[in-house]
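Colleague: Heads up: the sequence lines are chains B and F, in that order.
Take the first sequence: its letter number 113 is residue 113 in my numbering, and every next letter is one higher.
Take the second sequence: its letter number 85 is residue 85 in my numbering, and every next letter is one higher.
Every clue listed holds true.
To give a feel for the contact side, a few chain F residues facing chain B, derived at Cβ under 10 Å:
| # | residue |
| --- | --- |
| 1 | Arg51 |
| 2 | Val78 |
| 3 | Arg82 |
| 4 | Gly86 |
| 5 | Met98 |
| 6 | Lys110 |
| 7 | Ala152 |
| 8 | Ala156 |
Source of the hints: derived by calculation from the structure; they are not laboratory data.
Just so we're clear, the structure is a prediction, and the values are computed from it rather than from any experiment.
The C-beta atom is built at its ideal place from N, Cα and C for all residues, glycine as well.
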Amino acid sequence: MGQFLHTFFSPLDFLRATPQIWNGFQVNLEVMVVAEALVLVLALLLAIVRGLPGRAAGPLRALAILYTDIFRGTPLVLVLYIVLGFATLNYVGLSAETLFTNAVIALTLVYTAYVTEVYRAGIESVHPSQRMAARSLGLSYLQSLRYVVLPQAIRRVVPPLLNDFIGLQKDTALISIIGVTEAVTQANIYSSNYFNYAGHTVAAVFFIFLTIPLARFTDHIIRQRERRERAQAF
Amino acid sequence: MSTDGHFVSLQGVTKRFGDLEVLHDINLDVAEHKVVCLIGASGSGKSTLLRCINLLEQIDGGSIVVDGQTITGTKIDVNELRQKIGIVFQAYNLFPHMTVLQNVTLAPRKALGISRAKAEAHARALLRQIGLEDKADEFPDRLSGGQQQRVAIVRALATGPKLMLLDEITSALDPQLIGEVLELVRELAESGMTMILATHEMSFAREVASKVCFLDAGVIREEGTPDEIFSAPREERTRQFLARVLEGGRL
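Sequences are here, hints too, so could you generate the full structure?
Modeller: Below is the structure:
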């Protein structure tokens with residue numbers, strides 16, 4: 001038991017490892033923020049494309065479906081290696097050295113596929129009569145989407161959206177395998193230097209402390225909006 | 001105005017959903033400033049007919065002319081046309097994430113490009129007319145059904161339509177709320193708005209309509225003045241329908 005506590009919870013190692021892990025964790029944070037921003041926008045575009053009406057949009061819809069099928073089905077670890085492999089071809093300014101960009105691309109590719117489905121579920125949950133009412137007023141297809149369908153759809157999917165982002169945040173730990181020096185890399189370095197795993201515990205704590213506020217924040221904005229809508233009435 | 005003097009003219013309109021023919025060879029003329037009531041059982045094609053006139057449904061045969069323009073042709077700007085034709089639905093279909101004022105000003109602002117200040121002033125004036133100006137900043141779910149439906153009517157009026165289509169707009173309302181909505185429709189009729197309304201309110205149809213059409217299985221079985229239809233129906237099907245409605249205490 002003493003051995004176990006020492007290996008994972010030694011106070012001395014906590015203190016010694018923390019600055020190093022924090023350095024690494026900042027990279028996780030940066031990758032996470034950039035990837036999340038990209039995913040939010042790209043997934044919305046993809047969800048809109050999947051919902052386009054008419055025969056003419058058929059090929060576009062098919063491409064969007066193919067995209068989600070491929071990237072939802074491929075494990076992130078593989079996508080990371082494939083992006084790394086692609087980067088070594090030195091196309092479009094990428095190389096094995098553009099570590100940050102490679103990591104962002106891989107995470108964005110995979111999570112866009114997940115989040116597209118979340119948006120799509122939200123869009124489909126808005127009753128068709130809402131779109132019909134908007135069109136009957138003379139709004140175009142895109143205007144109906146922009147002003148009537150999407151505001152209602154996005155409002156409904158905020159919790160699952162945030163849930164996927166928690167997943168993305170944790171998956172930034174995987175980017176160490178393509179050479180990005182982040183929290184896990186630093187923990188590995190620490191453990192091989194000191195034969196102690198407290199660094200990994202510290203890294204875990206960082207990740208946990210990041211997701212808890214996000215979860216509470218989600219609850220908060222949902223409650224706040226409900227309250228605001230109710231308050232308007234009285 | 002179209003050359004034959006009718007504001008709305010349907011010629012041989014046919015509509016199918018798959019194998020089911022829901023409208024068969026419909027011919028209907030509506031003069032400007034007139035009110036036409038469509039009566040008939042549920043599923044007789046009243047709603048579909050109204051949706052076809054607003055191009056929310058594509059027709060499979062025939063033609064529809066509105067204000068001298070053949071709207072069922074290919075070179076029609078659907079969005080522009082719909083600004084001229086207001087439609088109100090049975091289920092109100094207000095936008096729940098917008099306030100009453102935002103509901104009413106959305107189409108004028110985004111479809112017509114009217115400035116926010118101007119659109120809001122106009123919307124408030126319309127809401128004042130129906131006594132709901134104090135509800136302008138509330139969300140629809142805080143309004144009674146009757147109030148919501150009146151807002152829906154005002155929303156449809158906000159783009160300045162020349163024709164209003166009302167699709168059983170009182171069917172979802174509690175009996176005590178029907179009066180306020182019908183009152184608004186009555187005022188619209190008196191102001192000279194051309195209207196086509198599908199309704200189960202026979203006494204109201206009798207009062208406001210210049211023409212009543214009885215739809216039965218996708219066909220206009222009989223049409224005439226309210227007196228002709230309600231007092232002396234010629235067709236057996238019309239008589240049966242009216243007898244059933246009368247039993248239901250709706251006349």
